[in-house]
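A.B. asks: Protein sequence lines correspond, in order, to chains V, G and H.
Numbering of the first sequence is given in my numbering, commencing with residue 1 and proceeding in unit increments.
Numbering of the second sequence is given in my numbering, commencing with residue 1 and proceeding in unit increments.
Numbering of the third sequence is given in my numbering, commencing with residue 1 and proceeding in unit increments.
Fair warning: there could be bad hints in the mix.
What the hints assert, rightly or not - In silico lysine-lysine, DSS-like type, Cα no more than 30 Å apart, as pairs:
#: 1; chain 1: V; residue 1: 251; chain 2: H; residue 2: 533
#: 2; chain 1: V; residue 1: 194; chain 2: H; residue 2: 305
#: 3; chain 1: V; residue 1: 218; chain 2: H; residue 2: 487
#: 4; chain 1: V; residue 1: 218; chain 2: H; residue 2: 533
#: 5; chain 1: V; residue 1: 252; chain 2: H; residue 2: 487
#: 6; chain 1: V; residue 1: 252; chain 2: H; residue 2: 533
#: 7; chain 1: G; residue 1: 161; chain 2: G; residue 2: 201
#: 8; chain 1: G; residue 1: 201; chain 2: G; residue 2: 4
#: 9; chain 1: V; residue 1: 251; chain 2: H; residue 2: 124
#: 10; chain 1: H; residue 1: 530; chain 2: V; residue 2: 218
#: 11; chain 1: G; residue 1: 162; chain 2: V; residue 2: 110
#: 12; chain 1: H; residue 1: 483; chain 2: V; residue 2: 225
#: 13; chain 1: H; residue 1: 483; chain 2: H; residue 2: 305
#: 14; chain 1: V; residue 1: 251; chain 2: H; residue 2: 487
#: 15; chain 1: H; residue 1: 487; chain 2: V; residue 2: 225
#: 16; chain 1: H; residue 1: 533; chain 2: V; residue 2: 225
#: 17; chain 1: H; residue 1: 305; chain 2: V; residue 2: 314
#: 18; chain 1: V; residue 1: 110; chain 2: G; residue 2: 131
#: 19; chain 1: G; residue 1: 28; chain 2: G; residue 2: 302
#: 20; chain 1: G; residue 1: 28; chain 2: V; residue 2: 110
#: 21; chain 1: V; residue 1: 218; chain 2: H; residue 2: 483
#: 22; chain 1: G; residue 1: 161; chain 2: V; residue 2: 110
#: 23; chain 1: V; residue 1: 252; chain 2: H; residue 2: 530
#: 24; chain 1: V; residue 1: 314; chain 2: H; residue 2: 388
#: 25; chain 1: H; residue 1: 305; chain 2: H; residue 2: 21
#: 26; chain 1: V; residue 1: 225; chain 2: H; residue 2: 530
#: 27; chain 1: H; residue 1: 21; chain 2: V; residue 2: 252
#: 28; chain 1: G; residue 1: 307; chain 2: V; residue 2: 110
No wet-lab data here; the hints were simulated from the structure.
A quick note: this is a predicted structure, and the numbers were derived from the prediction, not measured.
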Amino acid sequence: MRTITYAQAIKEALEEEMRRDPTVILYGEDVANFGGIFRLTSGLKEEFGEDRVFDTPISENAFVGAGVGAALTGLRPVVELQFADFLFTTGDEIVLKAGMWRYVHGGAYKVPMVVRCPSGAAGVGPEHGQCPEAFFMHTPGLKIVSPSTPADAKGLLKSAIRDDNPVLYFEHKLLYATNGEVPEDPDFLLPLGKASIRREGDALTLVAISAMVPKALKAAERLAKDGHQVEVIDPRSLNPFDRTAIIESVKKTGKIVVAEESYKTLGVGAEIGAMLMEGALEYIDRPLRRVAIPDVPIPTAAVLEQFVIPSEEKIYTACRELLA
Amino acid sequence: MDTKLKLDIYKKIILSRRLEERIAELIKAGQVGGFMHPGVGQEALQVAAISCLRPGDYLLYAHRGVAYWVARGIPLERVLCDLAGREGGTNRGKGGVMHVVYPEFGVLGQSGTLGGCFPIAAGAGLSIKVKHEDKVVMCFFGDGTSNRGTFHESLNFCAVKKLPVVFICENNGWAVSMPTERSTAVKDIADRRHGYAMPGKTIDGNDVSQVFDAVSEAVAHARGGNGPSLIEGKTYRLWGHWIGDPDSYRSREEVEKHWRRDPIPIYERKLIDENILTEAARTEIDAAARAQIDRAIAFMEKQPLPKPETALEGLYA
Amino acid sequence: MPLLIQMPKLGHTMTEGTVLKWHKHAGENVRAGEAVLTVETDKAEVEIESPAAGVLARVIADEGSVVGVGLPLAEILRDGEAASESPITAKPIDSRTPAATTQSPAPGATSNNRKRIIASPRAKRLAAESGIDLANISGSGPAGLVTEDDVRRIAATPAATGKIEAPAASHGGLVPARRERLTRVQMTGARNVTESWKSVPQFVQMVRVDMSRARAARQALNSGGGKITVTDIVLAAAVLALKENPQVNSSYLDGERLIYDEINLGVAVDTADGLVVPVIHHADALDVFALSARASELAERARSKKLRPADLEDATFTISNLGAYGVENGTPVIFAPQAALMFVGGIRDEVLAIEGRAEVRPAMQLAIAYDHRGIDGATASRFTTRVKSILESPDFLGAPPKVEAPARHRDVTVESTNDSLKATVKYGALRWSLSADDDTAPDPVSAFLGALGGCLLMSLRVAARARKMALGCASVHAFANEKGHVKEINIELQVESSADAGQLQRLVEVAERGCHIRAMIRDDVAVSLKVTKRAV
Numbered sequence: 001m002r003t004i005t006y007a008q009a010i011k012e013a014l015e016e017e018m019r020r021d022p023t024v025i026l027y028g029e030d031v032a033n034f035g036g037i038f039r040l041t042s043g044l045k046e047e048f049g050e051d052r053v054f055d056t057p058i059s060e061n062a063f064v065g066a067g068v069g070a071a072l073t074g075l076r077p078v079v080e081l082q083f084a085d086f087l088f089t090t091g092d093e094i095v096l097k098a099g100m101w102r103y104v105h106g107g108a109y110k111v112p113m114v115v116r117c118p119s120g121a122a123g124v125g126p127e128h129g130q131c132p133e134a135f136f137m138h139t140p141g142l143k144i145v146s147p148s149t150p151a152d153a154k155g156l157l158k159s160a161i162r163d164d165n166p167v168l169y170f171e172h173k174l175l176y177a178t179n180g181e182v183p184e185d186p187d188f189l190l191p192l193g194k195a196s197i198r199r200e201g202d203a204l205t206l207v208a209i210s211a212m213v214p215k216a217l218k219a220a221e222r223l224a225k226d227g228h229q230v231e232v233i234d235p236r237s238l239n240p241f242d243r244t245a246i247i248e249s250v251k252k253t254g255k256i257v258v259a260e261e262s263y264k265t266l267g268v269g270a271e272i273g274a275m276l277m278e279g280a281l282e283y284i285d286r287p288l289r290r291v292a293i294p295d296v297p298i299p300t301a302a303v304l305e306q307f308v309i310p311s312e313e314k315i316y317t318a319c320r321e322l323l324a
Numbered sequence: 001m002d003t004k005l006k007l008d009i010y011k012k013i014i015l016s017r018r019l020e021e022r023i024a025e026l027i028k029a030g031q032v033g034g035f036m037h038p039g040v041g042q043e044a045l046q047v048a049a050i051s052c053l054r055p056g057d058y059l060l061y062a063h064r065g066v067a068y069w070v071a072r073g074i075p076l077e078r079v080l081c082d083l084a085g086r087e088g089g090t091n092r093g094k095g096g097v098m099h100v101v102y103p104e105f106g107v108l109g110q111s112g113t114l115g116g117c118f119p120i121a122a123g124a125g126l127s128i129k130v131k132h133e134d135k136v137v138m139c140f141f142g143d144g145t146s147n148r149g150t151f152h153e154s155l156n157f158c159a160v161k162k163l164p165v166v167f168i169c170e171n172n173g174w175a176v177s178m179p180t181e182r183s184t185a186v187k188d189i190a191d192r193r194h195g196y197a198m199p200g201k202t203i204d205g206n207d208v209s210q211v212f213d214a215v216s217e218a219v220a221h222a223r224g225g226n227g228p229s230l231i232e233g234k235t236y237r238l239w240g241h242w243i244g245d246p247d248s249y250r251s252r253e254e255v256e257k258h259w260r261r262d263p264i265p266i267y268e269r270k271l272i273d274e275n276i277l278t279e280a281a282r283t284e285i286d287a288a289a290r291a292q293i294d295r296a297i298a299f300m301e302k303q304p305l306p307k308p309e310t311a312l313e314g315l316y317a
Numbered sequence: 001m002p003l004l005i006q007m008p009k010l011g012h013t014m015t016e017g018t019v020l021k022w023h024k025h026a027g028e029n030v031r032a033g034e035a036v037l038t039v040e041t042d043k044a045e046v047e048i049e050s051p052a053a054g055v056l057a058r059v060i061a062d063e064g065s066v067v068g069v070g071l072p073l074a075e076i077l078r079d080g081e082a083a084s085e086s087p088i089t090a091k092p093i094d095s096r097t098p099a100a101t102t103q104s105p106a107p108g109a110t111s112n113n114r115k116r117i118i119a120s121p122r123a124k125r126l127a128a129e130s131g132i133d134l135a136n137i138s139g140s141g142p143a144g145l146v147t148e149d150d151v152r153r154i155a156a157t158p159a160a161t162g163k164i165e166a167p168a169a170s171h172g173g174l175v176p177a178r179r180e181r182l183t184r185v186q187m188t189g190a191r192n193v194t195e196s197w198k199s200v201p202q203f204v205q206m207v208r209v210d211m212s213r214a215r216a217a218r219q220a221l222n223s224g225g226g227k228i229t230v231t232d233i234v235l236a237a238a239v240l241a242l243k244e245n246p247q248v249n250s251s252y253l254d255g256e257r258l259i260y261d262e263i264n265l266g267v268a269v270d271t272a273d274g275l276v277v278p279v280i281h282h283a284d285a286l287d288v289f290a291l292s293a294r295a296s297e298l299a300e301r302a303r304s305k306k307l308r309p310a311d312l313e314d315a316t317f318t319i320s321n322l323g324a325y326g327v328e329n330g331t332p333v334i335f336a337p338q339a340a341l342m343f344v345g346g347i348r349d350e351v352l353a354i355e356g357r358a359e360v361r362p363a364m365q366l367a368i369a370y371d372h373r374g375i376d377g378a379t380a381s382r383f384t385t386r387v388k389s390i391l392e393s394p395d396f397l398g399a400p401p402k403v404e405a406p407a408r409h410r411d412v413t414v415e416s417t418n419d420s421l422k423a424t425v426k427y428g429a430l431r432w433s434l435s436a437d438d439d440t441a442p443d444p445v446s447a448f449l450g451a452l453g454g455c456l457l458m459s460l461r462v463a464a465r466a467r468k469m470a471l472g473c474a475s476v477h478a479f480a481n482e483k484g485h486v487k488e489i490n491i492e493l494q495v496e497s498s499a500d501a502g503q504l505q506r507l508v509e510v511a512e513r514g515c516h517i518r519a520m521i522r523d524d525v526a527v528s529l530k531v532t533k534r535a536v
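Chain V on its own, in the form it takes in the complex:
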């Protein structure tokens, strides 16, 4: 199997799906002529033409809402936001239109659109670096995926494009350059809603999201040297959410740490805590620990950003405190 980057994997997924299905179109700011500010989409306009790959004005409300309109009327648009934070700019179009159009109209239409959202703190400040999955997990109707490896990036994007529902696809900026083995099969798909057990263990369950996964794995290696085999779970999909995988793991280990690059209050960890209390209370041996951003915006200066973003060290420490 060949090794490619996460960014290349995304591009391959787009190319393959656009070749396979002429109703798939791709647009956003700077995606066509420039190939995207993260350079993921260069060459696509040349291959598929300007009708299907084009640049938009700075009009998130219009072009995200247009994604909904196009999806209602027979296209499968992939809308690229330049930063995941702009989901808030276009909140109505995402939450109330994309997420709810099908339901409020009694199921008469479906909304097969994908919104690609580059996420993650990367030194570009509080409004260009969030990982806002939890906000959209809370509202009904939006599927959400956050792949952490190139293979997952490809398999999940292809599945998201083929899904008949709106999917928010969070691609972490710091993962773009990471490498991994990715199958070449053009029908390589990964199902939404299935977590990946990245590392097996029985001492503690460590759930990590997106760019937290590599940090969690490094922390797990250190913990292994300390004599603790920690189970690392990468949910990959926040809606649908593989609750079963997490519950089964906690039944084994009794201990849970959640690492997420989002604000602590009402983050994904809060949902995990609630569902464990609902579904696995008698298996819990220690309190939940969440490693998350301490409820402040992400500051720009490197030293401040590093302080608030969960690190491998913080994940390791949180696990050790439960394993003492």
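Given chain V, work out where chains G and H should sit, using these hints.
C.D. replies: Frame of chain V; chains G and H shown alone:
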């Protein structure tokens, strides 16, 4: 406009008015749980504009009344069941009349938030363009809604990409209690077309032939691949904002003045002058409309309520 | 909150233990896992380790006191903790009076029974499943939370109540010159034999065995360098006879013969404390060499007091060899609930009638006691005579191990041909290299770690085969301190197994004991062995 079309428009206008009157009775009598934003007084604009559409075209209606649906041919039974929140409607109790939908006739539905229609209209236009279809999108909205940011972004987007969308502003002078001259910097909303380099017109929205002419032109322009237009039909909201609105923010004189310009008697006189309509025909059309509505209400009253568990259905495809 | 060391439950039937010796004293620092005291149970002496690092703040049970399972023995203060304020009013049971034992620890054992128990839900569930009263468990979790580990430390298999009868009142007017208290082990033995004598109708069959062929077989077997004893051959013969007569490998209970598939041979060993009977589990799966190895290992551990309670449990048949003392014959008492016990006398030259001629042969007498309720005379006779016939024609033992290639000898040559830090090892036709200069070959210490790991894995497989446990993949990660003399070796063993954690732990313990390389590591080298079980 040929005679048949003119008469057809008239019949739909009458059916719309009679239906709204009956719906108001039902709501006031507490016989249906739903609510309605009446479009009484704006039927001419809505019906005449929609009569320019072909069956495959897309429609995004506004919340002003039933005429859009009547004009497009949606069975009255469906609308009434949606109003009553029963099975047999178009959205199975999920959206009320706020979200009447009819894919067979391209009726895409409505955004609950005002101004949500503009991007969706642009998207439907985009779809037509990518698939090279011979279709247009018609998007209705009120004067107040045209102040939303989505109006600006979407019209710009449609103009730049030459999308086949006809934007029709029903300027009835009021947004709930806010008169247009206090909320809107321009007097004629169609003037905003200049900000987007697109064609458009301000017309008398209560004059069927003016509406028909202006809208046909815009539809042809769009169908020809030349892009969007912005039409403004001046009209008036004869009833309150919603059934039950005390309407205390408008003066009785103003409202009565506009009743004297109710489009229905004006159009009737015109048709009679043109020998297209007789008094007898008028009475017959009116009676037929009432009978049709009675039948539809009877149907609605027999429909069951949706099972409560269906609240959990229909979210994902 | 300070942590209590409590009397653990170390065997099926244990209800209390005696504090024999404190190795640490109040005020001393203790490490997690360090032996703090030795307690004596019904069957053996066991070391108790500290569950955490800290200071031994208070010794609660003095040497000699008898403490019920679960009751506190000592208090450990960890970093930042203050000593408990209320005195722990655990009253140890009077060492003089054997007490009527009960299932749960005595009330009033901790200062405050009405206190709300803060235990994790998992701990509560485990405690409920194990029948343990949470109120008396000291919690090691945050803010004194009782955790799963705390419950596991006290975890019980269902206990049986045992009642010790009061000693006999007096012996008339005689006054003894001195009194010698029986050791706990001896007490248990006394109790058992009394029980057996009183409730089991027993009979003994005797037979005289011509051991000349067995002796010859022994010599042949040892020609490859083995150290099989005659007793080992007797063990092997007993195992074969039991396989052929399963009714003897049984227990009688309420009108039923409970017949066991596995043959767990108890082999009585005399120690300074009295007669101890360690058990060779699954002797049915061992050949005579394995039996021999196991028997001598157990005997050694019995004498050096390193037996674990598990080593003393579940025998299905016992052999008592007092022949070493010169005793010719005896009338043994069975070890209830086993159905039989075989006494083996000494070998001495006797004149036997062999095919009508008088010949001097090495003769050995066997006396086998049987539980008459389940075993009748005919069954017993078949077994008794079979043991004799096996010993008199010991072809069952099989050929001695072939000396295959020089590879089987523990004999290597190592050469260093130039001034580099490299060497070549020659072993028969095999060659391998060592290097301390570069990465072309492992350095000697790493090669040793490889041997250690390999030996452990092989020992694990052998032990698993003997216990008919299936294992999947197994791997060892062994690492020592980087420079200088090897002061510590950490071994991480990962095994795919569907056995439960307790079974696997026992298997690994057996494997570790059986690993020759491990046995060569000096005691002052700290060796840690961590086992991870993976699902198959």
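A.B. asks: So which hints don't hold here, by number, going up?
C.D. replies: Going through the list in order, the structure violates hints 2, 5, 13, 14, 17, 20, 24 and 27 and respects the others.
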